[in-house]
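*Asks:* From just these sequences and the hints, can you work out the full model?
Which chain is which? The protein sequence lines are A and B, in order.
Here our numbering is used: the first residue of the first sequence is 1, the next is one more, and so on.
Here our numbering is used: the first residue of the second sequence is 1, the next is one more, and so on.
None of these hints come from the bench; they were simulated from the model.
Given the structure is predicted, the values throughout are model-derived calculations rather than measurements.
For every residue, glycine included, the Cβ atom is placed at its ideal position computed from N, Cα and C.
Hints are supplied without guarantee of correctness; some may be wrong.
Claimed, not checked - Calculated from the model, a selection of chain A residues having no Cβ within reach of chain B, i.e. all distances over 12 Å: (1) Gln2; (2) Ser6; (3) Asp14; (4) Gly33; (5) Ala43; (6) Asp56; (7) Glu64; (8) Leu91; (9) Val128; (10) His138; (11) Gly165; (12) Ala225; (13) Gly252.
As the list claims (entries may be wrong) - Not the full set, but computed from the structure, chain A residues with beta-carbon under 8 Å of chain B: (14) Arg21; (15) Glu50; (16) Arg109; (17) Ser265.
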Amino acid sequence: MQYDVSLTVTYRFDNAASASRNIVRLMPADLIGEQRLVAGSLAVTPTPNERTTRSDFFRNNAVEVAFHEAHRDITFTVTSRVHRYERGRRLDMSPSVARLAEDIAAYRRLDPGSPHHFVGASRRVPIVGEMSEYGRTHTKDARSVLEAVEAIGKAINRDWTYQPGATTVETPMMEAFKARRGVCQDFSHIMIAALRGIGIPAGYVSGCLRTDPPPGQPRLAGADAMHAWVCAWCGPDVGWVDYDPTNAVLAGADHIVIGRGRDYSDVAPVRGVMRTSGNHWSHHAVDVVPVTSETARPDPAA
Amino acid sequence: MALTGSDEDAEDAVARLLSSYETSTAVPDELLEADGSIRPAWRGFIEAVAGMSEDEFRARQMRGDQYLRDAGVYYRQYGTPDTSERDWPLSHVPVIIDEDEWNAIGEGLIQRAELLEKIIADIYGPNRLVERGHLPPAMLAQNPEWLRPLSGVVPRGGHYLHFVAFDIGRGPQGQWWVLGDRTQAPSGAGFALENRIATTRVYKDHFARANVHRLAGFFRGFRDALINLRDSELSRVGILTPGPLNDTYFEHAYIARYLGFMLLEGDDLTVVDGRLMVRTVAGLQPVSVLWRRLDSIWADPLELEETSAIGTPGMLGAVRSGGVTLVNALGSGVLETRALLAFMPRLAEELLGEPLSIPNIATWWCGQAEERDYVKANAHRMTIGNAYATRLLFDFDDVSAPPATDPAARLALSKWIDRNAEQLVAQETVTLSTTPALDADGKLVPRPMSLRVFLARTREGWTIMPGGFARIGPAGDAVTLTMQNGGSAADVWVVSKSEVPAESMLFPASGPYLRQQQSMLPSRAADSLYWLGRYVERAEYRVRLLRAHHVRVAESIAEDTPLLRRSAEYLTWLGSDPHQPIPAGVRETLESAARAASNVRDRFSVDGWAALDELAKTVHRLNARPSFGDDTARALSLILRSLSGFTGLVHDNMYRFIGWRFMSIGRSLERAMSLTGLLAQFADEDAPDGALDLAVEVADSEMSHRRRYAVATNRATVVDLLALDPLNPRSVIYQLNEIWSHLGTLPGGETHRQLSPLQRAALQTRTDVAVQTPERFDSSALVRLEGDLSAISDLLADAYFR
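*Replies:* Here it is in structure tokens:
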């Protein structure tokens, strides 16, 4: 399925920021076999004094911009076309949860996809007894890692209430865990903690969802803003599997991946440091429109 | 051969000195051989001490302590409510090591430094050690000091490590062991220097002929190495500190002063197009080498710890683009990880093709099944702790295993190890050699010790500091060797059998004479100096006002005259309620001054510090002993004298570098403000009786008034003298003239250029006051002037402090 994906993030400051430096992770990813970035551009206004692009440790596209002058607002706009492949349900060849530790230990590399990065506590995901216990309770009957992932995801979706505005990006995971409500970021962090707590390597995926559902299907929660879900390592044969606990589905053709990391801190859409006093205010807008024969530009060769 | 009489006396004296010195048979002793004889390296020293009377020895120790106090050497104690500064705990007996043994230690540690360099190049590079099974991937992936954003970044110049330290100790068989590797930002080199200076004060005459290797050559070599790492002649070397609240800030300031490098905090720096720049009063200036005393994760909030307020956004970008060399490279803290010690023997074979010449203490990482089982079986003679911590294992919060006889406890321990396997490391409990220290009664007693040894990379390769510092445990217990836990620190003497060259940091006398360029002044330092000038002057003004008030309270019969009421109200409005012995407003102003001064510690002479310290002590003492009227006036005079001591030092002795200008501008501006306020309060049209005399007294201008006017005070003479007389240093116009001339010497203030907004404002204000007459200079004109003066302060901040 092809999509036109556009994202706009705007920041406005009460007092002009005297200088700032930001790292922007907003460009949809180019992932072999999963998703292809056909074309994409990031526009920044005002025009930054410095701008460099690189690929970060987890191979996310990271653009660093710096403003030397004072400014009152910044806007980042991504315009892109993405081809997302339907992966379909595969044969479950994942090992049992108990055997996974051996598979992890046998993995002797630290490449970005190595499960070793995704097992312990990370910046925003502590390993807490309660959460590991939650994970254990809901995977008693799981015969494989993949079943365990789906079981935990379904349980979280059932036990937590999706409520936009209930938390902010800075709300600690444990707070959302106790409040039993939150947004996609909280659902994902909670699921990551439960998975890691029982020994399943798990990471955070930032991305966005198709804005309007295909005819006859319900609209996915979280489609009008940036979205987040979870990836879990299911052994060497199956590899990484994406699961969206906010919607209790395996991530599929409607999930556009932007970044992968251990938790939100690794893939924050805009991470920045401003020299400013006073508050700031931000706004995100996301539009993911399927490219159909009507919307596609006519092929001049036809 | 028969002993002569004096030899016999000397032998008796040595025997007396050592009568209380009882060594254990379980561990070796640095001073005594196993048979009880004195080791040759120590003999001269012990004889020198034995030749002193008890009183003389004690007096000499006090001389050493006095030096440390005068130099203001302190370290910060964490954990106490006020994280207070503590006196440096010097152990007055040096640890003495023979040159030959030291050379062997040096060879072993250089081998280790080279091994560590190879390891770090691999773990931030191709990661072959992990791939080939020599390092478990989990040990890096779960290590908070393995910084992913630095993966694949090769430092400019190719080297990750430039300055490292090792904690070593001597084990039961007499062999040396490495207890820990210090690769992040090793502290202690500056303290080693201070220990050395203090210890030579104690043993002045003996030291001169004891053939002790000097330390200066080591520092000179490293300073030159840092200077050579710069990318151009125009860029600078800086020392990056977390700031005055760090436990070893004193040392950062000391080293900066000693080596002549700028002391910088993260906020002093900014990154422009991949280059690291320091914000100075002359704009942005390049820095291409940073000796960092800040732990890596705090260095850049953009890519590392996001909550860091002490880092520099974009620092990693500058490293990546080759714009700066960090000493040591960011991420080098990963080598300090305890768990790594478990793999060092094998890594030495793998990477160097030879065994470690100095082994490290036996260590087992519990993330491996075989090792874990061994730890469980032998837990009773091990200490178990966090695998990724970088402190020495026996520091604190580690688990000492329960006795082997308690099966329940052992089972619980075994389960705990299984559950946290990858997070745990076990180390053999070590007993360390003892060395002489003085107990509370001044007797020599054996105490456990470890050494911190420093190595620096120079163009000729690694060099070892011939000395270092020794940590001395407080009692016969090897497990409490940190100073945070009450131990002490001793100098380390490496003695030669022949004469050693005398060295110092000074350049050789030959060669052309070169006056060094004026050093750049970071904006933050300028800001601190400016406010130091203002606070000290502000304190002086308040103390003078208070004194004038109390003198009148003591003299007056009525308690409530209109003048007393006015001065009390004004003082209270200034936050200096005259009913308190030393009002809060005065104390707080002096505290602010001390804080401003501590931000620029590297720019102050030892005498300047002593004067500030004296001031704080005087205030503290007086505050504890309340007094009234005349007594208070006398007490306030004491404070004034201390304040004059400080300002006298600053204005007579301080080099007229640009920082001095900022301090002077601060002082002048504050004084102009105070005088303006004074005139508004006490020389207005309806001021009470005696107000004019009080104003003249507070402005310390009674003599001048008498000489100049030969009449009693009236409003015109007082306004003339305190506002308009350009020859009176306590007049507004005098201070405005001073400010004007200082501004001309600041960057961007050169003559024949367009006036800056700051200069324009200063010139305008000065002219407005210069053309005034006492008659026209009324309250509303004074109020306007107050506004103009604060506008100058704001413009100064805009131009130079951000």
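*Asks:* Look at each hint and say if it fits the structure.
*Replies:* Do the hints match the structure? See the list:
no.	hint	result
1	Gln2	33 Å, holds
2	Ser6	26 Å, holds
3	Asp14	19 Å, holds
4	Gly33	24 Å, holds
5	Ala43	21 Å, holds
6	Asp56	7 Å, violated
7	Glu64	6 Å, violated
8	Leu91	28 Å, holds
9	Val128	14 Å, holds
10	His138	21 Å, holds
11	Gly165	23 Å, holds
12	Ala225	22 Å, holds
13	Gly252	29 Å, holds
14	Arg21	4 Å, holds
15	Glu50	6 Å, holds
16	Arg109	6 Å, holds
17	Ser265	6 Å, holds
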